[in-house]
Amino acid sequence: MPENSTSAGAPAPDLSPFPPPTPPGLLELFVAFAKMSLAGFGGVLVWARRGIVDQHRWMTADEFNETFALCHFLPGPNIVNLSVVFGSRFRGIPGGIAAFAGLVFPPMLIAIVLAALYARYGEIDALRRILAGISCAAVGLLIAVVFKMAMPLVTRRDATGLMILIAVFFAIGVLRLPLQMVLLIAIPLSLAITVLVRRRGKA
Amino acid sequence: MNSDANPVATLFWSFALMSLFAVGGANSAIPEMHRVAVDVRHWMNERQFADIFAISQLSPGPNVLIVTLIGYHVAGIAGALAATVAMCGPTAVVAYYVSGLLARSSHARWPAIIQAALVPLSIGLMGASGLILAQTSDRSWVAALISVAAAVLAFATRLNPLWMLLAGGALGFAGLI
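Line by line, the protein sequences are chains A and B. According to the working numbering, the first sequence holds residues 1 to 203 in order. According to the working numbering, the second sequence holds residues 1 to 177 in order.
Just to be clear, a hint being listed does not mean it is correct.
[What the hints assert, rightly or not] Listed below are the simulated SDA-like cross-link pairs for lysine to any residue, each with C-alpha atoms no more than 25 angstroms apart in a straight line:
(1) LYS148/A x ALA156/B
(2) LYS35/A x PRO60/B
(3) LYS35/A x TRP13/B
(4) LYS148/A x TYR96/B
(5) LYS148/A x TRP163/B
Hints are computed from structural coordinates only; laboratory data are not their basis.
Here chain B stands alone, though its shape is the one from the complex (with noise of 0.2 angstroms):
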């Protein structure tokens, strides 16, 4: 299924080159993961895809766990280990050199206008994510229901968002959706 002669390789190139894009955070460059985990590389399908997206929000951690998720899904520990750092590993660098010039220029102006420009693409970028999510996760009406019921307690409430997922997990054991 899978051509790469060197899985471990290609996951770490296809997220460095990933995580300098991922403006916005990991759940912006979801879009950017579908696309090449399933539709470039068939590292995986549709549901599995959605399956990975499920575990990464019901582990404790950062978002961007779901990229650990994938890479151990194409190879193994390695897999998870190499995908993780080249996810975090580029924009980390640029992190700390950025976050040094700064503390040496003052004030400078710019970073609130770089924000400015970037927060609608981010967001946008999320929006994406979501529907794509939707697209695999919400087969029958019920689960879109779920989904729109969730999606409405946590705007609306604060509610602690695991029970939510746990409620989700209940009514599909349930046999609900």
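If we strip away everything but chain A, and leave its shape as in the complex, we get (with noise of 0.2 angstroms):
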């Protein structure tokens, strides 16, 4: 393993336009992602990109926002696809397996510890108020995250994506219907109308 007191350490000038070409071995790629997974609470990204752009400079942030771009379209959890499409562009695919198990695993036996402690105290009086007012707190955050993400589509007055956006919340949400279903409708009439108005916008 390379030291990486080169990368951590020394205040480098924070604008240099190129992260350095020494790419993170495995084991390295193991501790990097376990330590922006052990600090995400409530998400992994902001941490991913903090950990890769700013303190490794293993990729830029144009390089950062494409790759994660890709892993946001395709399906599945993103930052689990970001750390195998990251670790496997280094290290092919022991590498993307090196940072996945480094995002997945350590907290994953956090969470195991406090699911055994649920299933052994779930029951008890006081904890039971306390995991029913972290539930409605964590209900506000995701909501929150919601508006967040819709707040683009609102500003750009985009009708077709927010008529989408209600119609599969109340398929979803409302009538409680299949998500395979819901998307094997929705998907492809999300194409074909984005492709439709993009070219419509063109001529």
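Take the two lone chains and join them into the complex the hints point to.
Written out as structure tokens, the structure is:
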């Protein structure tokens, strides 16, 4: 493993356009993603960006945005996709696995310990009340993320986008239809509308 | 209560299939997790589902850990591992191959189009997650008020979300909910 004091220790100038060309090793990938993951309460993305772009300079900000955009449009947990794509870019499949393992397994151990405590003590009244309070706050946090993500559609007056958003919300949230069924209709429909709107915008 | 012959295998296939439809991340798949775990498989009740969501938010790491907790609830450590690997594995393979393809054909136009088409879908799915979880968690006016307050604070400030979770827990402990 190369010494990582070069990237973490000395306060390098922030505006350097070139990230160092030394690719991270397997253990380094594992440790870096484990750190980002364990720091990330309520989402790892912020910490992943900080670790990859600011701290280690493994990617430029633009490269990171492109990679994240790719992982966002693919199905599945975005940050998990990001770890695999990122790790494999530097060290092939073993690199992807190392980054993935670092991201998932250390916090998974913590979650399992909490789950075991819940299974054992979940019915104790004080714990029940605490959990009830936490879940109220957690719901609020999720709703805030939804509004933050929807704001660009509102400011852009993206009427078709907002209509699709509301239709999916209604089908899944209110009617409780199965995800696969809704998406098999909604994805092609949304794609067709997007392509049509873009064509008309250009003509 | 559980009629499955092999709950670990059921967990694995349920989440492997779900992962390919989780457009926009793990939080978008919460309505489907709720439907499968509570309504279809009867692995847990509404309250347990809400608790598991709360615990997953309280743990560090990616949001996908809610799947680990569902797996643990159903079949212990083996269930936790099976559910997590199933939820992450198939899409990780897809991501690996797609990123390889895109690296070779530089500046392809379709990722931008697909993303523009999928973003409203995934926000709608997350909104549905919010609604379903609110219906299970907010069973009193005070509870709903705590959710609204957390939502407004998280929307308008850059406060670390952990503080809001802890404040919710403290209010719950004080017996306000």
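Kindly indicate which numbered hints from before are broken by the structure, ordering the numbers from low to high. Result: hints 3 and 4 break, sorted rising.
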